[in-house]
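2 protein chains.
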Amino acid sequence: MLRLPVLLLLAVLMPTASQPNTIPADGPAYTSDGQLRYPEHYREWVYLTSGVNMSYNPKAQADGHTMFDNVFVNPSAWRAFQQVGTWPDGTVMVLENRGGESGKSINKHGQTQSVEVMGMEIHVKDARLKGGWGFFEFDNQVSARLTPRPASCYTCHEEHAAVDTTFVQFYPTLVGLAQKKGTLSPAYLKEIATPAAK
Amino acid sequence: MLRLPVLLLLAVLMPTASQPNTIPADGPAYTSDGQLRYPEHYREWVYLTSGVNMSYNPKAQADGHTMFDNVFVNPSAWRAFQQVGTWPDGTVMVLENRGGESGKSINKHGQTQSVEVMGMEIHVKDARLKGGWGFFEFDNQVSARLTPRPASCYTCHEEHAAVDTTFVQFYPTLVGLAQKKGTLSPAYLKEIATPAAK
Numbered sequence: 044m045l046r047l048p049v050l051l052l053l054a055v056l057m058p059t060a061s062q063p064n065t066i067p068a069d070g071p072a073y074t075s076d077g078q079l080r081y082p083e084h085y086r087e088w089v090y091l092t093s094g095v096n097m098s099y100n101p102k103a104q105a106d107g108h109t110m111f112d113n114v115f116v117n118p119s120a121w122r123a124f125q126q127v128g129t130w131p132d133g134t135v136m137v138l139e140n141r142g143g144e145s146g147k148s149i150n151k152h153g154q155t156q157s158v159e160v161m162g163m164e165i166h167v168k169d170a171r172l173k174g175g176w177g178f179f180e181f182d183n184q185v186s187a188r189l190t191p192r193p194a195s196c197y198t199c200h201e202e203h204a205a206v207d208t209t210f211v212q213f214y215p216t217l218v219g220l221a222q223k224k225g226t227l228s229p230a231y232l233k234e235i236a237t238p239a240a241k
Numbered sequence: 044m045l046r047l048p049v050l051l052l053l054a055v056l057m058p059t060a061s062q063p064n065t066i067p068a069d070g071p072a073y074t075s076d077g078q079l080r081y082p083e084h085y086r087e088w089v090y091l092t093s094g095v096n097m098s099y100n101p102k103a104q105a106d107g108h109t110m111f112d113n114v115f116v117n118p119s120a121w122r123a124f125q126q127v128g129t130w131p132d133g134t135v136m137v138l139e140n141r142g143g144e145s146g147k148s149i150n151k152h153g154q155t156q157s158v159e160v161m162g163m164e165i166h167v168k169d170a171r172l173k174g175g176w177g178f179f180e181f182d183n184q185v186s187a188r189l190t191p192r193p194a195s196c197y198t199c200h201e202e203h204a205a206v207d208t209t210f211v212q213f214y215p216t217l218v219g220l221a222q223k224k225g226t227l228s229p230a231y232l233k234e235i236a237t238p239a240a241k
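Those protein sequences? They're chains A and B, same order as listed.
My numbering numbers the first residue of the first sequence as 44 and each following residue consecutively.
My numbering numbers the first residue of the second sequence as 44 and each following residue consecutively.
Quick caveat, the hints were computed from the structure, so don't treat them as lab data.
Among these hints, one or two may not hold up.
Stated by the list, open to error - With a straight-line Cα cutoff of 27 Å, these simulated DSS-like cross-link-like pairs (lysine-lysine) come out: (1) K102(A) - K102(B); (2) K233(B) - K223(B); (3) K233(A) - K223(B); (4) K224(A) - K223(B); (5) K102(A) - K151(B); (6) K223(B) - K102(A); (7) K233(A) - K151(B); (8) K147(A) - K224(B); (9) K223(B) - K147(A); (10) K151(A) - K102(B).
In isolation and in its complexed conformation, chain A is listed as follows:
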């Protein structure tokens, strides 16, 4: 049961060039060439939400397949958000896609999630990254390069996200907290004040 405190102690005592002691033990870790390492234990992190078949493009066409997106955040960032309503340096948010499956076992309606992971994108808050946040798209379970700016993920999150470039408006346990803490972004406050403009 002492695993977490021991890891934290190690992180404090043994800072390295790529992991200064301001980054928590469950924060982002990088390879020597700057790729983000796959966060092996993200399924034990804190779950934020799942959406189904989401798209931010009004012209997107349904292709007949169902896709779930599950979002997880590292526990140290979750705890900080509970205190202050926004994300600390070292936040790691994992978006995991799984296919929707119909008629599995005794399920007769709706969809359940596939064993196979169909995609993974990670959003990291790290002051050493340009703009303070970076996206990394994983196609393996080892590491991924930073998605370079400019890219639509950065501009869309910066223009529409409810808290600090993250889509807290879709996280049911956090949006009320952000409102209470006064951390909702000016863009999101404008959006909810003028619902007709949606």
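For chain A, the structure is supplied; the task is to place chain B on it using the hints.
Just chain B now, with coordinates in the frame of chain A:
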């Protein structure tokens, strides 16, 4: 950071009649009249999966509403499952229902999850309960009475669940592990051997 070990220590040092020291600190807790206490921190537990619009009844009619069901398990039970492929005494599984919402913020397709929780059912493994497992349906955030046997939740789980009366066949990160550990139930092994019988 010492919260968890301190709680564990307290659980070991101060067993009570309703919580003997074989039950982990994140295990089931009861009121003096035997109701299960609402597990306040379940959203920080380990996420197992979400389904959408699931029903085990082939005659169920879609009512035009979307419903998500999110499943969480207490971390000590998760860790035990990783080791042995089945659940220890003191397992607490939370099924949380949230409504599906269309067109929220910049989302143009599919559904996101409602802030409001629409329902909650908890499945507890506790040797002191008849049959070793009990269901508790919550309509508040305080406590809930045991659903008495016989009830369809018990018979359906006992007849169809992949591992120890739980629907591990729907938990993408656990079903392969159960197969490897040899803990799949005879009923489920029969079901997957004869897919036409589904």
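How the hints compare with the structure:
| no. | hint | verdict |
| --- | --- | --- |
| 1 | K102(A) - K102(B) | violated (34 Å) |
| 2 | K233(B) - K223(B) | holds (17 Å) |
| 3 | K233(A) - K223(B) | violated (52 Å) |
| 4 | K224(A) - K223(B) | violated (47 Å) |
| 5 | K102(A) - K151(B) | holds (9 Å) |
| 6 | K223(B) - K102(A) | violated (44 Å) |
| 7 | K233(A) - K151(B) | holds (18 Å) |
| 8 | K147(A) - K224(B) | holds (22 Å) |
| 9 | K223(B) - K147(A) | holds (20 Å) |
| 10 | K151(A) - K102(B) | holds (9 Å) |
Hint compliance for this structure: hints 1, 3, 4, 6 are not met, and every other hint is.
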